[in-house]
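Enquirer: The primary structure of each chain is shown beneath.
Protein chains: 2
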Amino acid sequence: MKKILLLGAGLSASTLIRYLLENAQENDWILRVGDFTEEPVKKKLNGHARGESLQFDVHNAIQLDQEVKESDLVISLLPAKLHYLVAQSCIRNKKSMVTASYVSKEIQKMDKDAKANGVLLMNEVGVDPGIDHMSAMQVINRIKGDGDKLISFESATGGLVAPSYDNNPWRYKFTWAPRNVVLAGQGGARFYHNGKFKYIPYHKLFERTETIEIPGYGQFEVYANRDSLQYREAYGLSDLMTMFRGTIRRPGFCEAWNLLVQLGATDDSYVMDDSENMTYRVFTNSFLAYNIVDPVESKIARYLGISEDSPLMKKLEWLGLFDDTKKIGIHGLTPAQCLQHILEQKWQLDPGDKDMIVMEHQFDYLHIGSHRKRFSTMVVIGEDQVHTAMSITVGLPVAITAKLILQGKIGLKGVQIPVLSEVYDPVMKELGNYGIKFEERDFKLS
Amino acid sequence: MKKILLLGAGLSASTLIRYLLENAQENDWILRVGDFTEEPVKKKLNGHARGESLQFDVHNAIQLDQEVKESDLVISLLPAKLHYLVAQSCIRNKKSMVTASYVSKEIQKMDKDAKANGVLLMNEVGVDPGIDHMSAMQVINRIKGDGDKLISFESATGGLVAPSYDNNPWRYKFTWAPRNVVLAGQGGARFYHNGKFKYIPYHKLFERTETIEIPGYGQFEVYANRDSLQYREAYGLSDLMTMFRGTIRRPGFCEAWNLLVQLGATDDSYVMDDSENMTYRVFTNSFLAYNIVDPVESKIARYLGISEDSPLMKKLEWLGLFDDTKKIGIHGLTPAQCLQHILEQKWQLDPGDKDMIVMEHQFDYLHIGSHRKRFSTMVVIGEDQVHTAMSITVGLPVAITAKLILQGKIGLKGVQIPVLSEVYDPVMKELGNYGIKFEERDFKLS
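Going down the list, the sequences are from chains S and E. Using our numbering, read the first sequence as starting at 720 and increasing by one per residue. Using our numbering, read the second sequence as starting at 720 and increasing by one per residue.
Source of the hints: derived by calculation from the structure; they are not laboratory data. Backbone N, C-alpha and C define an ideal beta-carbon position, used for all residues, glycine too. A couple of the hints might just be wrong.
[Said to hold, decoys possible] Mimicking BS3-like on lysine-lysine, the simulated pairs with C-alpha atoms at most 25 Å apart in a straight line are: (1) E:Lys828 <-> S:Lys1045; (2) S:Lys915 <-> E:Lys1132; (3) S:Lys915 <-> E:Lys1018; (4) E:Lys722 <-> E:Lys834; (5) E:Lys1148 <-> E:Lys1132; (6) E:Lys813 <-> E:Lys721.
[Unchecked claim] Cβ-to-Cβ under 7 Å is the rule here; a few derived chain S residues that face chain E: (7) Phe1006; (8) Glu1016; (9) Thr1096.
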């Protein structure tokens, strides 16, 4: 019997737990799930004979070591900044770990220690990062295998509301941790474009979008995502001329979101004065110069260079940003936290709404002298509000990777991301059984 | 005999050292000056009988404790983030410390420990912060003493080139640490305006300027500086409706500087790819979208929304930002470091140039039913490129404060800034002997 320790049972854990429980009997697993509050975990386990819940605090080092020691494999879905604590315990106790998060600097430094202790720290096996790496590597290896030369790789992913439920002016609802959505992009973005290093600072990120069209789903817009440069090497593509990773939204979202960025409303670096008594209108006004004559609406339109009766203003108004009756009501919030509070009233999924994950890769390559382009596209619609597209596409690759490790089918050690075929081939194959598949289009450019 | 330990002997130390040596005989002081390289210190001490130099490394805890232990008072002109190391040693060795820097979070936490050990940690006694606090508090106390009610306080300071030498298109030269100039404002700014909390994010800071006029010196512009809110309480003005601190530049500077901010060229958060081989033009182009048709000049003008033949473009061109022959030539630089490198070629003081410190306070107050406004203005021109206005106005208040502490005339303990009359009255009085004086204008508003 093998024991899997899952730490963190938030939004994206549902499908992961379902998969592991469904496969527990056959593989003789016990799934032990710890979270800060135990009740929601119990609900997710639903009395399954092979499921165990516990109240768990990652900062309790004794409990952490005890639990890790008694397990055969650890999966961490805790907030990304806490993974390193789990990883340290995994190294001490010689257990492997799986996460869906970006490799942090702290984790990267553990590579040597992990290898010395025979431990695998497998990261970035969710959807983005995760399925993006794995699906792209499959296509890249096919292109290479055909003797063709890849010259450009661009990839974008977005978590959105499914088309039938896409019914607000922003064409966006929260299908993922709202805090992460509000803070997205704050480090700016770096990438290569035709051999040139390119950088976009945060305050320009949502202006520099590109449009893509996905057959059957219409148009989307893409803004640049974090640091694409590091993946040139990770993918074994150091001579690649264009390497770009992006985030997908529906058209118009970025232009409107940029207004909030320009205002300073996404700032998370300081606590606002008297946030508890601030109305939404006072919040908005705090970013505008004092002026007793003009209303907030006129000031913001002038400040942001938009027309007072533009669709952009309508989007701001729809959020309630000019409402002088509703109060933030919570003490000690940063602007980003106040904004999140306001957005959470408006961007919640309605009962019955389903979410959608959209991913598109674009590969430019040379094939016997001609320049060709290949699109590879995935769209996943959620089952319901428990097994969302986000929960499915994050949870399944994590779960399948965990299974492969427990079955001894992945022999890697150290800090890894899923860019080797021994990982991505079996994971992508099994994801196909769950309907997570890519459609390809390929045509000649010149 | 008393021993003064001065740590850090950079640009602003010259006048401080001169003052302490000139007063050493009369007060029976020895001045011991430590810096990472000893040679420049020797030059500054010029063989004075009461001066001693040493090679000093603040990260050498044994040396630090040894030196602090043998001194009677410590002055730190080290980079601001290192003061806390000196302060820790001062507390261990029960010695007081003086700095010209903002109270850091680390220093603020030492208040209790400092008091328990009978130690004074006196900060913010340079020019800004420093003379601004002291001169403002004098006026505020006079206004209060007259039974009048202060309703608004605005204050601004700038380090500039003196009018006769103000001869480049930016009307600016480096008279202070270039790195601090490049990074200035990155935390945004917070202040009160007519009872409303106001916040400006970094990417809007240089757009939200106000113009002031100083008699005899012409027009200047002011942008908001850091967090003004905390000084409401420190000044004993919790009910004040407007509290604003700003930085002074010559007109046109901020609009042009904002272009570099918008571009992302002041970012200090990541290292640029291949910075050693980058020409200035490639540096500029790295912030612009790839496009093989348009030259960098057209792209940047369109991106920043300015005309290609505007004075703003001329300012960028004058810096050399479109030069494709000059290379950065240094590996591993951030954008801010690359920009600093470029600016240092153009914004250096020419031989014979003098610098200037400009400070202006504006007080609105109620006097027997009428609304009045008082301006209080200081202009200091440097003697030469050793005793610059910056060195004079930072060094003298630090030196005078140190003297008062050694003479037992300041009895304060704990973490302090100079907002009590036992400090600012004698310091301001003596500064007057050195020509550091404020001119006042006062008139009825309504």
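Enquirer: If a hint holds in the structure, say so; if it doesn't, say that too.
Expert: The hints, checked one at a time:
no., hint, result
1, E:Lys828 <-> S:Lys1045, "violated, 37 Å"
2, S:Lys915 <-> E:Lys1132, "violated, 57 Å"
3, S:Lys915 <-> E:Lys1018, "holds, 15 Å"
4, E:Lys722 <-> E:Lys834, "holds, 22 Å"
5, E:Lys1148 <-> E:Lys1132, "holds, 22 Å"
6, E:Lys813 <-> E:Lys721, "holds, 15 Å"
7, Phe1006, "holds, 6 Å"
8, Glu1016, "violated, 17 Å"
9, Thr1096, "violated, 24 Å"
In this structure, the hints that do not hold are numbers 1, 2, 8 and 9, in rising order.
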